[in-house]
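S.K.: Which chain is which? The protein sequence lines are A and B, in order. Counting from 1, one number per residue, gives the positions in the first sequence under the working numbering. Counting from 1, one number per residue, gives the positions in the second sequence under the working numbering.
Hints listed in this document are in silico derivations from the structure and should not be mistaken for laboratory results. In this text the structure is predicted, and so the values were computed from the model without any measurement. Take these hints with a grain of salt, some might be off.
[As the list claims (entries may be wrong)] Lysine-lysine pairs mimicking DSS-like chemistry, simulated, CA-CA at most 27 Å apart:
no.	chain 1	residue 1	chain 2	residue 2
1	A	680	B	86
2	A	261	A	170
3	B	82	A	680
4	A	691	B	80
5	B	29	A	680
6	B	86	A	568
7	A	691	A	645
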Amino acid sequence: MSLSAAFGQLDLGNGSSLLTILDSLPQGLLLCGANGAIIYANTRCKEFFQLQDVSVLQNTLFLELLDADERQSISDKLQHISDWSSFSCISTFVRPDGSSFRGKLNLSIADPADTPQILVSIGDLTEQESAAIKLNEDIKKYRLLTENMKDVIWSLDKDMRFTYISPSDKLLRGYEAHEVIGTFIFDIIPQEYHLSFQTLIEERRNKILKGEKVESMVLEFEVYCKDGSAMWIEIMSNPVFDEEGVFKGFQGVARDIRQRKEMEFALRETDERYRMVVSNAPIVLFEIDAKGIFRLSEGGGLRKLGLKPAQVVGLSAFDVYRDYPDICNHVRRALGGEILHEKTNVNDIIFDIYYHPVLSKRKKITSLIGIAIEITDKDKAEQLLIESEEKFRTLFESMSEGVALHDLVFNAQGKPVNYVINEVNQSYSIHTGIDISNIKGKLATEVYGTSEPPYFKEFSDVAITGKPFSYETYFPPLERYFRISVVCTGKNRFATVFEDITVAKNRESELKSKNEELERFTYTVSHDLRSPLVTIKGFVGMLQQDIASGNIEEIADDIRRINQAADKMTDLLNDLLELSQIGRIINPPVHVSMKEIVDDTIELLNGIISDTKAEVRIINDMPTVCVDKKRMAEVWQNLIENAIKFKSSQQNPLIEIGSVPDHGENVFFIRDNGQGIDAKYHESIFGLFNKLDTKSAGTGIGLSLVCRIIEIHGGRIWVESEGEGKGATFKFTIPDKH
Amino acid sequence: MREGPFHILLIEDNPDHAQLIMRNIRNLKIPNVVHHIDDGEAVFNYLQGPEEGKDPKPGSILLDLRQPRIDGIEVLKFIKSKAGIKQIPVIILTTSEAERDIADAYGYNANSYLAKPVDFGKFAELLETLGYYWLYWNKKPI
């Protein structure tokens with residue numbers, strides 16, 4: 001049966017039960033079982049342990065209500081107390097919420113029946129008891145402190161003279177206590193602090209006189225040491241009053257803070273340095289709090305914006321930059337937690353702005369730190385660069401010449417061995433016929449399919465020496481002529497600017513051969529026309545001589561020669577006229593059977609053919625050609641006439657005409673069995689006015705004429721003959737296109 | 001002063017010009033014989049065998065450059081490359097005034113280059129001067 005139940009039943013006769021009495025006691029009471037578990041606690045315990053309800057203490061071990069350090073000694077004591085004896089001490093109690101209080105503890109063992117129980121009483125300490133305890137504890141602490149302390153304890157009287165200084169001042173400043181006591185506080189403080197110090201003392205004195213509370217104060221200043229140097233100290237100062245409350249002076253502690261001050265100065269210097277850098281650099285450093293208010297605005301970049309450092313501090317960024325929705329947007333986003341890097345134009349000044357949200361320990365955004373770097377010039381330069389790049393790119397791409405940019409490629413020994421194509425323009429493929437879609441980064445040997453990189457010597461010389469070089473060349477892999485300019489575009493780099501000049505080259509060689517032909521022509525003409533002139537003038541002279549000398553026989557001969565030469569000249573001029581007309585006066589080409597032309601020509605020459613008893617055979621049906629019909633008839637006429645003229649002593653002249661296909665062209669031929677032509681004349685017979693037989697009729701223009709007509713039609717003519725007496729075959733081609 | 005007539009070899013394809021040249025040379029007061037050959041082929045034959053005494057070795061050769069069947073330059077090359085006759089002075093007498101012909105002629109060691117003047121007076125004068133110079137004043141190679 002529990003004791004509480006027993007107490008509860010006890011009626012004291014005055015209407016109150018024992019429990020009521022226990023609850024009204026000034027002590028807290030705990031009744032515990034022999035094991036120390038609480039069975040009962042009176043209502044006072046509620047106050048001691050600050051509980052809503054004392055029942056929570058039930059079944060708790062009472063030792064757990066004591067400070068952990070004291071449990072063991074109390075438990076020991078408990079073993080040694082006998083029945084109905086008791087033990088008292090001052091102990092520290094611990095509340096369930098973890099706080100503690102000091103109280104009187106009384107323990108006694110109650111054994112009302114055969115079950116021993118522990119009665120615990122908890123009482124308030126008296127004031128004296130508390131003070132004594134506190135003093136005792138304080139003394140312990142102070143002793144500990146002073147024994148180890150370098151700090152100096154001092155006291156001043158109300159006139160600011162030292163009444164006490166602890167010996168540690170010897171260590172601090174080098175003074176013995178007796179040297180200090182009685183001296184005036186201002187004697188040890190440098191002049192510059194006197195005014196502010198005096199003011200401070202006055203203020204405090206006045207407060208004290210008015211009865212206002214003066215709290216302890218911490219001050220930092222310098223004091224003189226015995227060696228004359230000044231030292232930074234920190235003092236804590238409290239006013240001192242006597243028992244009647246009369247102000248007696250100040251007392252306090254002083255300590256050496258040189259190290260801290262040095263650090264502070266160093267820090268301040270560093271800070272100053274950063275501030276200087278920031279204020280001169282073309283940047284703006286700013287902080288905007290969560291509400292959008294500027295907290296910081298520093299940096300040389302502000303000058304460009306017409307702002308002073310900190311001018312916008314306290315203002316809302318959204319107001320200051322209301323005309324810049326971009327900036328407002330960025331600030332909003334950064335305050336929302338985004339890290340941003342944006343380019344912004346403020347009044348034509350361009351800034352690169354970094355926004356960085358700042359988080360508190362609880363991961364809440366408290367502000368944003370920003371740095372704006374002015375990049376106006378850089379940006380303009382970039383813009384110009386882009387524009388210039390675009391300009392040159394357009395030029396590069398629209399150039400009619402092919403352009404290729406290359407890098408030399410070196411072997412392990414550092415010797416250039418190849419070159420790589422970095423870039424080509426559109427015209428590159430026009431001039432080379434090479435597809436450029438896959439060309440970049442390829443080696444020259446790969447692109448051109450050569451074993452050696454083309455023009456390697458020339459190109460590498462330019463890339464290495466930097467001297468530009470131009471030349472014209474025939475490039476066999478592409479079967480084209482090129483004009484190439486090579487320029488050095490950097491160390492071991494070069495560009496080629498080139499043009500396919502194959503057409504021009506072909507024209508040039510055509511022109512060259514035309515010029516040669518013209519030269520031959522004028523040469524021939526001047527010689528051949530002059531020749532009859534020499535004759536005419538010569539025999540006119542002779543005639544005069546003969547008439548003068550009466551040489552009658554020669555006169556007739558002279559006149560005959562003059563006449564002949566004049567006729568020759570007429571013939572030459574007519575022939576030249578005809579020759580010059582070929583190619584100038586053109587009858588429109590018509591599709592016509594070559595056999596038809598030959599038939600017509602034979603018809604025309606019927607007279608001389610039958611006179612010479614020549615036989616003209618057309619061997620096959622010749623193909624249709626597209627020719628100037630009249631001119632082609634002249635070709636056949638000349639060739640047939642020649643065949644008859646040079647039949648030599650042949651009794652049965654035979655002329656065969658036909659065509660054979662050869663390598664995709666039609667080769668027309670006329671074969672005779674006449675005198676033939678020695679191989680050494682096979683070329684010259686086609687020359688103007690060249691006659692192998694000076695006694696034969698004609699000016700020697702016939703084959704020149706034939707040759708010219710064939711050429712005009714795009715064909716070729718040549719003669720085949722095994723030599724004199726073996727007959728000759730003239731052959732010519734007429735391309736289909738004509 | 002000289003033994004026998006002076007032999008001149010005239011290589012000229014134009015019969016009229018040959019006639020003019022020969023008549024003018026004949027008018028000179030120097031005994032001479034002009035051997036006229038009207039094509040290159042004959043020249044080779046003439047000059048092949050002067051040792052045989054068939055044709056007299058000429059004292060000088062008058063050569064027209066433009067021959068129909070053989071180029072005068074070829075004749076010149078032949079003469080100047082052949083031992084025994086290469087010393088004979090070769091005088092080019094032609095209608096051509098082309099620089100190329102002049103250069104070629106001297107290039108192949110022609111001794112003189114004369115262009116036929118169109119004007120007869122000058123033509124006659126040229127041949128007279130030529131005749132006296134080469135036939136009279138000029139020492140024959142030995």
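S.K.: A separate judgement is required for each hint: does it hold in the structure or not?
M.R.: Hint by hint, here is what the structure shows:
no.: 1; hint: A:680 - B:86; result: holds, 24 Å
no.: 2; hint: A:261 - A:170; result: holds, 21 Å
no.: 3; hint: B:82 - A:680; result: holds, 21 Å
no.: 4; hint: A:691 - B:80; result: holds, 26 Å
no.: 5; hint: B:29 - A:680; result: violated, 42 Å
no.: 6; hint: B:86 - A:568; result: violated, 36 Å
no.: 7; hint: A:691 - A:645; result: holds, 13 Å
Violated hints, in rising order: 5, 6; the structure is consistent with all others.
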